[in-house]
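Chemist: Take these sequences, add in the hints, and give me the full structure.
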Amino acid sequence: MNQKHDPSKTSHYVSNEFYQKLIADFSDWQRKELEIGDTELRDSCRRFLEREARYLQDLRFDDWLQLYAGECIYWVPATAYAGDPRREVAVAFDDRRRLEDRVYRLQMSYAWSQRPASRTVRMVGNIEVFATISDDIVMVRSNLLIHEFWADETRLWGGWCGYRLRRDDDAWKILVKQVNLIDCDQNLRNPSILL
Amino acid sequence: MKKPEHITQFRSVYGALYDYNELVQDDRVHRLLYTDPAIFQEEMTKIFGGVWVYLAHESQIPDNNDYVTTRLGLRPIIVTRDSNGKFRALFNRCTHRGTTVCRLGKGSAKTFQCPYHGWTFLNTGKLSGVPWPDGYACDFSDSKFNLAQVPHVESYRGFIFGSLNKNALPLVDYLGPITKPIDEWLDRHPGGKLILSEANRMKYKGNWKLAYDNSADGYHVIFSHRSLLAMENRMEVDKKKGMSFYKNSPDQAPMYVKYMGHGHHFKDKRPNVDNYPGALWDIEAHHPGKEHYEEKLRAKFGDKAGYALDLAASEPVNINVFPNLLILGNHIQVLQPLSVDETNSTWYGTAVVDEAGDFDGALEDINALRMRTQEAFPNFGEVDDMTNFEQIQVGLGAVEDEWIYMHRGMDIPGRIQFNSDGTITAPATDEVFMREYMKEYKRLMTSDPQLVVVRDI
Numbered sequence: 000m001n002q003k004h005d006p007s008k009t010s011h012y013v014s015n016e017f018y019q020k021l022i023a024d025f026s027d028w029q030r031k032e033l034e035i036g037d038t039e040l041r042d043s044c045r046r047f048l049e050r051e052a053r054y055l056q057d058l059r060f061d062d063w064l065q066l067y068a069g070e071c072i073y074w075v076p077a078t079a080y081a082g083d084p085r086r087e088v089a090v091a092f093d094d095r096r097r098l099e100d101r102v103y104r105l106q107m108s109y110a111w112s113q114r115p116a117s118r119t120v121r122m123v124g125n126i127e128v129f130a131t132i133s134d135d136i137v138m139v140r141s142n143l144l145i146h147e148f149w150a151d152e153t154r155l156w157g158g159w160c161g162y163r164l165r166r167d168d169d170a171w172k173i174l175v176k177q178v179n180l181i182d183c184d185q186n187l188r189n190p191s192i193l194l
Numbered sequence: 000m001k002k003p004e005h006i007t008q009f010r011s012v013y014g015a016l017y018d019y020n021e022l023v024q025d026d027r028v029h030r031l032l033y034t035d036p037a038i039f040q041e042e043m044t045k046i047f048g049g050v051w052v053y054l055a056h057e058s059q060i061p062d063n064n065d066y067v068t069t070r071l072g073l074r075p076i077i078v079t080r081d082s083n084g085k086f087r088a089l090f091n092r093c094t095h096r097g098t099t100v101c102r103l104g105k106g107s108a109k110t111f112q113c114p115y116h117g118w119t120f121l122n123t124g125k126l127s128g129v130p131w132p133d134g135y136a137c138d139f140s141d142s143k144f145n146l147a148q149v150p151h152v153e154s155y156r157g158f159i160f161g162s163l164n165k166n167a168l169p170l171v172d173y174l175g176p177i178t179k180p181i182d183e184w185l186d187r188h189p190g191g192k193l194i195l196s197e198a199n200r201m202k203y204k205g206n207w208k209l210a211y212d213n214s215a216d217g218y219h220v221i222f223s224h225r226s227l228l229a230m231e232n233r234m235e236v237d238k239k240k241g242m243s244f245y246k247n248s249p250d251q252a253p254m255y256v257k258y259m260g261h262g263h264h265f266k267d268k269r270p271n272v273d274n275y276p277g278a279l280w281d282i283e284a285h286h287p288g289k290e291h292y293e294e295k296l297r298a299k300f301g302d303k304a305g306y307a308l309d310l311a312a313s314e315p316v317n318i319n320v321f322p323n324l325l326i327l328g329n330h331i332q333v334l335q336p337l338s339v340d341e342t343n344s345t346w347y348g349t350a351v352v353d354e355a356g357d358f359d360g361a362l363e364d365i366n367a368l369r370m371r372t373q374e375a376f377p378n379f380g381e382v383d384d385m386t387n388f389e390q391i392q393v394g395l396g397a398v399e400d401e402w403i404y405m406h407r408g409m410d411i412p413g414r415i416q417f418n419s420d421g422t423i424t425a426p427a428t429d430e431v432f433m434r435e436y437m438k439e440y441k442r443l444m445t446s447d448p449q450l451v452v453v454r455d456i
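If you're matching them up, the sequences are chains A and B in order. Under numbering that gives the first Met the number 0, think of the first position of the first sequence as 0, with each following residue one higher. Under numbering that gives the first Met the number 0, think of the first position of the second sequence as 0, with each following residue one higher.
Certain hints may be false.
Here are the simulated DSS-like cross-link-like pairs (lysine-lysine), alpha carbons at most 25 Å apart as the crow flies [said to hold, decoys possible]:
{"#": "1", "chain 1": "B", "residue 1": "Lys105", "chain 2": "B", "residue 2": "Lys202"}
{"#": "2", "chain 1": "A", "residue 1": "Lys8", "chain 2": "B", "residue 2": "Lys202"}
{"#": "3", "chain 1": "B", "residue 1": "Lys105", "chain 2": "B", "residue 2": "Lys125"}
{"#": "4", "chain 1": "A", "residue 1": "Lys8", "chain 2": "B", "residue 2": "Lys295"}
{"#": "5", "chain 1": "A", "residue 1": "Lys20", "chain 2": "B", "residue 2": "Lys240"}
The set of hints was computed from the structure by calculation and includes no laboratory data.
Modeler: What follows is the structure, given as structure tokens:
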């Protein structure tokens, strides 16, 4: 983490080098030889993802933000191949500050798209953990189903997530969460909840 | 005896259903315009058939044989740059039994083969073959077996439009005065050119006109976008980010709304922004990579960095081309009606290109910023508008409460300027643009356009 700048206040870390590394980190990472079978590690990742889902389900946004590293990315691509975010807009591509913007908006009473707020139930499953070249960093693939109640109706969001997690002391921190919606390239109704 | 090719005439089905002089009045319109499925069906013919409709951008089909699929009204359409480089809008409907012949959103294909019985068409629309033709007595060179296609397809500076109206005006005449803000919007970029860069695709459960009514509406900004403005300024001392210039007295501000004829309208907020290179950037909110790329571009361009940074900033205009093309900020927003109360609203991002090589690679940096600025409004502004559109649709379910008012600015002496070129100028929050486009709407809905397809290649 850059010592000079507070990523909640300025965005110095989102650079070409950062984008290139992001694209590389999220390319060809689900390889058989990188699968981690260790049950303790997998269980630790599973519990972390379940906690994240619970915070979002309970609208505990401040606690949820604490799960993210300072220099983090929350990325919902608009295409199935994700692409290069420098050349394509995404459903969402948030750095730390924008993630805090998003939470700030969701917590105020004038965000009409979330007044009243959606109620969600979130299922996280099919968790697989993959090694990286860094001992303290793993990639995690999970499936996500969100059952949302909003505007007198219930509906489903479905997709899979790619997480890049770093072990800081004894806790995981999310470096990157990539949410790949099955309908990411289709027209989405009120895409304003955190996925 | 030759059988007639066309046996339905739309006017005989719906023409006398309503008196549009009752539904569209000087100061208000009737809720049925937004709720009645029969009126919606009539719009799909008289509006989306009768005028030029935006179909696609040239940069989506850059090479011969490229195509995208879309709709013209509800008609499924394949927009191709055919093997000879000509733009065509083919009906995505097999002439045999009606199956769509193309199921993908985009691609490249010299031919389209129907998945049902294997009829195959060139990307010009011409039937090139049917399986086991000896089972037919007919002559398949008859053009009636070619795919139907939109008779008028024209492009204006990259924007491809189509019209089914046999008597369509030339596109440039249909656009009329709105071409000037389109030109200015393009010409602020190197080479006067842009390419599409994916999209924020959204939909709402409401009538398509709710978005068109909103597109030049300066009255809603402070209220509907209260959360966006608060968010963009949450760390600011002087609170001037984004559309903060709407605060206090927007009608006394130099920005204005202008009715441009043929249902088009234009909201020009540029006069509210200081006129120096970098002024747009200075009111831009905080986007991912902002400080890094700004420092990099300032180091590279020195006191000329303002121009480069402004290319990553949102242009403060709304250029609304009736009925479905809304150019705003750096977006190309396209409205796609699905039913009387369901609409797709697709916000295509745009990227800057540097064919002349003037930017020495810095365009990559500008676009990296520009993608992030473009994601902000769909994520934090449009979702609130669309929620309000949906709640209008709910409110309009009250049948006894019939009228929707759009009379803001009416009958106030000196407020509205009628210009010699036929355009009409008013203060930013005025609803004159709604009243004027509704007059054009009424004219179209009481017209009798002759809609045709062609099959001769």
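Chemist: Now, for every hint given, state plainly whether the structure supports it.
Modeler: To see whether the hints hold, each was checked on the structure:
1. B/Lys105 / B/Lys202: With Cα atoms ~20 Å apart, B/Lys105 and B/Lys202 stay inside 25 Å; holds.
2. A/Lys8 / B/Lys202: 33 Å, violated
3. B/Lys105 / B/Lys125: Holds, at roughly 20 Å.
4. A/Lys8 / B/Lys295: Judged against 25 Å, a Cα distance of about 18 Å means the pair holds.
5. A/Lys20 / B/Lys240: 31 Å, violated
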